[in-house]
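Start counting the sequence shown at 2; every next residue gets the next number (the numbering used here).
Don't read these hints as lab results, they were simulated from the structure. You may find that some hints are simply not true.
[As the list claims (entries may be wrong)] Only pairs whose alpha carbons sit at most 30 angstroms apart, straight line, appear in this in silico BS3-like list of lysine-lysine:
#1 142 - 107
#2 75 - 42
#3 9 - 107
#4 107 - 121
#5 107 - 144
#6 23 - 75
#7 142 - 42
#8 9 - 23
#9 23 - 144
#10 144 - 75
#11 107 - 42
#12 42 - 23
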Amino acid sequence: MKIHERVKSGINILPMLEEVVKNWSDFELDTSRQENIDCQKETQTIQLIAPDYSDGVHERGGPDSCRYTDEWIKYPRVHEFLEWFAETYHGQLYRVSIVHLPSGGKVYRHADEGSYYEDKHRFHLVLSGYYDVTVIKDTEKFKAGELWTFNNKKVH
């Protein structure tokens, strides 16, 4: 796999984007990402599927270590996309977040580390706008309606 690769373009993101706009205040519910993950401090997040730390064994990374959040129910069009995605790409969903990066904001260079990520692949569906992603010296412009995968074990 290349460092990052466009998997699909032309995805109808409008119904999902409408749900996000309708529930915009959900971005204020969980600020732990801004407070605890330095490279993500300029982002806002709505978690739909989140790690379940109740058993204290998040690192094992199995499907039973994740839970649907209370916000999940508010995003049926996102569910439809995720069901299509999991079926089409024969995958298991472990963590799903809607992330907002304000205009002029930045996600700082990082690599996803730890045993949780060893057997996981990362995907981004761009719901709005566009942004540049640079991994090493390789830069791509991610645009609304595009689904991307990337090697998140490399610094990005």
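Here is what the structure says about each hint:
1. 142 - 107: The given pair, whose Cα atoms are some 14 angstroms apart, holds under the 30 angstroms limit.
2. 75 - 42: Status holds; Cα separation ~25 angstroms.
3. 9 - 107: holds (24 angstroms)
4. 107 - 121: holds (24 angstroms)
5. 107 - 144: holds (16 angstroms)
6. 23 - 75: holds (9 angstroms)
7. 142 - 42: Judged against 30 angstroms, a Cα distance of about 21 angstroms means the pair holds.
8. 9 - 23: Since the Cα atoms of residue 9 and residue 23 sit roughly 26 angstroms apart, the hinted pair holds (cutoff 30 angstroms).
9. 23 - 144: holds (22 angstroms)
10. 144 - 75: holds (25 angstroms)
11. 107 - 42: Holds. Residue 107 to residue 42 sits at ~9 angstroms (cutoff 30 angstroms).
12. 42 - 23: holds (24 angstroms)
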